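*Asks:* Below are the chains, spelled out letter by letter.
Number of protein chains: 2
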Amino acid sequence: MAVYTDVGDEALENFLAAYDLGEVTAFKGIAEGVENSNYILQTTRGGYILTLYEKRVNASELPYFLDLMHHLSAKGLPCPLPVARRDGTVLGTLEGREAALFTFLSGVSVRRPTAAHCAECGRSLAQMHLAAIDYKGIRPNALSAHDWRSVLAQGDKAQVMAACENLWSGCHAFVEEQLTLLETQWPLDLPRGTIHADLFPNNVLFLGETLSGLIDFYFASTDMLAYDLAICLNAWCFEGDGSFNVTKSRAMIAAYETVRPLLDREVEALPLLARGAAMRFFVTRMVDSLNVPAGALVKPLDPREYAKKLRFHALAGSSAAYGVEARS
Amino acid sequence: MAVYTDVGDEALENFLAAYDLGEVTAFKGIAEGVENSNYILQTTRGGYILTLYEKRVNASELPYFLDLMHHLSAKGLPCPLPVARRDGTVLGTLEGREAALFTFLSGVSVRRPTAAHCAECGRSLAQMHLAAIDYKGIRPNALSAHDWRSVLAQGDKAQVMAACENLWSGCHAFVEEQLTLLETQWPLDLPRGTIHADLFPNNVLFLGETLSGLIDFYFASTDMLAYDLAICLNAWCFEGDGSFNVTKSRAMIAAYETVRPLLDREVEALPLLARGAAMRFFVTRMVDSLNVPAGALVKPLDPREYAKKLRFHALAGSSAAYGVEARS
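Line order of the protein sequences matches chains A and B.
Going by my numbering, the first sequence opens with residue 1365, and the numbers climb by one from there.
Going by my numbering, the second sequence opens with residue 1365, and the numbers climb by one from there.
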């Protein structure tokens, strides 16, 4: 749940004076986004989302994210479009925070995606990758393979070790071994571009089984495109009991390939990329679970889920485990 | 901010199957209500608020509140209308909670009401009092004059005394003296009916300066009508610096009287009723501020504000302090 910056009616009025939106008919804080405060705003012109950027977001990076959403929207991707003020700019300040207004997207996120949802996700991910090919913005991925060890080192060493062993005996050595393996084997020669990097089911909206929105681009960065797909395989294709549903991954990858066929070397790298993606979410969840501030509104996510996924991928062997084989 | 019960998409689907609402197009948890979890639901038929009743609400009292909203809505009051399911009932269960769906009301609450807003509030309060005259439901006010001492006694005695003295030296004796005075002088002969009992600015919606909604009826009860007005005088007519704005109270009372003229003995009782209303919010805020559970999402409101208001009313002398005089 979001940490909220409370927005007063006068502050809102002053902020909106820079826009041309008609009269406000509703304004409610919503429980969406972890790093930002978000509000639904309805005016006589339509529905919007108002986002206030809290301190964890680096303000100098906001133009990268906002320009990307503008770029993707202009190409027909269903992502929030930053709404321009009368002077043409899209960033303002509200209650001491940088703030921006976005078009409202219909749809609801699904908690238990079906194979059809997974296919929609794969197709839209590929569409996003293609649409962003000529996006000029560059943002190095701060959570890539050579960053994971230092992320984990943000936690107290003894605490991290105890927390790992608490998952299963030998888990800490397993994680260390996997970190070393990923650092040495991480591919460098795969096609790169702009990735979403956090396309979990809660960041995708559906109307029935049709995808209607991609949201929350605040981890977007420049990295390997197939790594983005590997993140989605982790986030969408495991069942609640920890088992991997290859029907879903096959559907996701096949739909991705209808838009952007994978190179053979991308297919071959999938197990390693999926292992890396699992490690990326394991290390941040582990550190977050050890550093819960007193009175925090956000319940940390359990690192156990991603430790188990990491183990699955470590045993996967080849891309066939994901329902796809290299065609060379 | 509300405590949220997380609602899954399948649970929502099952819950909505009992209604005839078309397809869901949006569903977002909102930061509204303290006792309940609230969601905005949009469907192809329109906008709704979904409320899940958390444990602090006594489920056996829900029909009283829901029937009241239905009754007031039917008489044209702009309050949420419980939406009937196909079988005609209005209460369902969702994620283990009792839950109901309401029509969505446009409007925004104002943080700093003007005299015009105060007048709108007064007028609508009187309209609500008249509209509820033939409402059959009865619910004794559990927070009336003879309850305040026992509410305060829910706090540790030494803690309460220290917290009072922390407001100003002699405050604890002042509160004790006022409690005794209110218990002995509390009027028993004023017109009674259904009161909202919590009509603070955050529970009233406006479109510009026109009132568009009265919400949050979960303190509604059977009590003296003029006491409801006294609660509003406390909630709407003090400025941020603690001063009482008699222009606002005059506007509120005058507008109330255009709909339901006060009896002389109601006017005469206003200072005492206002004092009681201040005491009612002082005691609950005091106890809440001493009993903040670890990890609470709700920041307790400061009791100091209402201790000062209590002192203002204790010194008020006559109803002239509120901009109204008895006409006998």
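Warning: the hint list may mix true and false statements.
Treat identical chains as interchangeable: a pair holds within one or across any two.
Claimed, not checked - Capping the alpha-carbon separation at 25 angstroms, the derived lysine to any residue pairs in SDA-like fashion look like this:
#: 1; residue 1: Lys1521; residue 2: Ala1479
#: 2; residue 1: Lys1392; residue 2: Val1421
#: 3; residue 1: Lys1672; residue 2: Gly1372
#: 4; residue 1: Lys1392; residue 2: Gly1372
#: 5; residue 1: Lys1392; residue 2: Thr1467
#: 6; residue 1: Lys1439; residue 2: Thr1389
#: 7; residue 1: Lys1672; residue 2: Gly1440
#: 8; residue 1: Lys1672; residue 2: Ser1653
#: 9; residue 1: Lys1419; residue 2: Asp1511
#: 10; residue 1: Lys1392; residue 2: Arg1475
These are calculated hints, taken from the structure and not from any lab test.
The structure presented is a predicted model; accordingly, all values stated were derived computationally and were not measured.
*Asks:* Treating 25 angstroms as the Cα threshold, decide for Lys1521 and Ala1479: within, between, both or neither.
*Replies:* neither (40 angstroms within a copy, 60 angstroms between copies)
*Asks:* My question is about Lys1392 and Gly1372: at a cut-off of 25 angstroms on alpha-carbon distance, are they close within one copy, between copies, both, or neither?
*Replies:* So Lys1392 and Gly1372 pass the 25 angstroms test inside a copy (11 angstroms) and across (21 angstroms) alike.
*Asks:* Could you place Lys1672 and Ser1653 in one of the four classes (within, between, both, neither) given a Cα distance threshold of 25 angstroms?
*Replies:* within (16 angstroms within a copy, 43 angstroms between copies)
*Asks:* Which holds for Lys1419 with Asp1511 at a C-alpha limit of 25 angstroms: within a copy, between copies, both or neither?
*Replies:* So Lys1419 and Asp1511 pass the 25 angstroms test inside one copy only (22 angstroms; across, 44 angstroms).
*Asks:* Using 25 angstroms as the alpha carbon limit, work out where Lys1392 and Arg1475 are close: within a copy, between copies, both or neither.
*Replies:* both (24 angstroms within a copy, 14 angstroms between copies)
*Asks:* Cα distance capped at 25 angstroms. Does Lys1392 pair with Thr1467 within a copy, between copies, both, or neither?
*Replies:* both (15 angstroms within a copy, 15 angstroms between copies)
*Asks:* I want to check one pair: Lys1439 and Thr1389. Are their C-alpha atoms no more than 25 angstroms apart within a copy, between two copies, both, or neither?
*Replies:* This pair counts as between: shortest inter-copy Cα distance 23 angstroms, intra-copy 30 angstroms.
*Asks:* How do Lys1672 and Gly1372 come out at 25 angstroms by Cα distance, when the copy is not named: within, between, both, or neither?
*Replies:* between (45 angstroms within a copy, 24 angstroms between copies)
*Asks:* My question is about Lys1672 and Gly1440: at a cut-off of 25 angstroms on alpha-carbon distance, are they close within one copy, between copies, both, or neither?
*Replies:* Cα proximity of Lys1672 and Gly1440: none, with 37 angstroms in one copy and 57 angstroms across.
*Asks:* What label fits Lys1392 with Val1421 when the C-alpha limit is 25 angstroms: within, between, both, or neither?
*Replies:* both (22 angstroms within a copy, 23 angstroms between copies)
Going down the numbered hints, you'll see the structure goes against 1 and 7, while the others check out.
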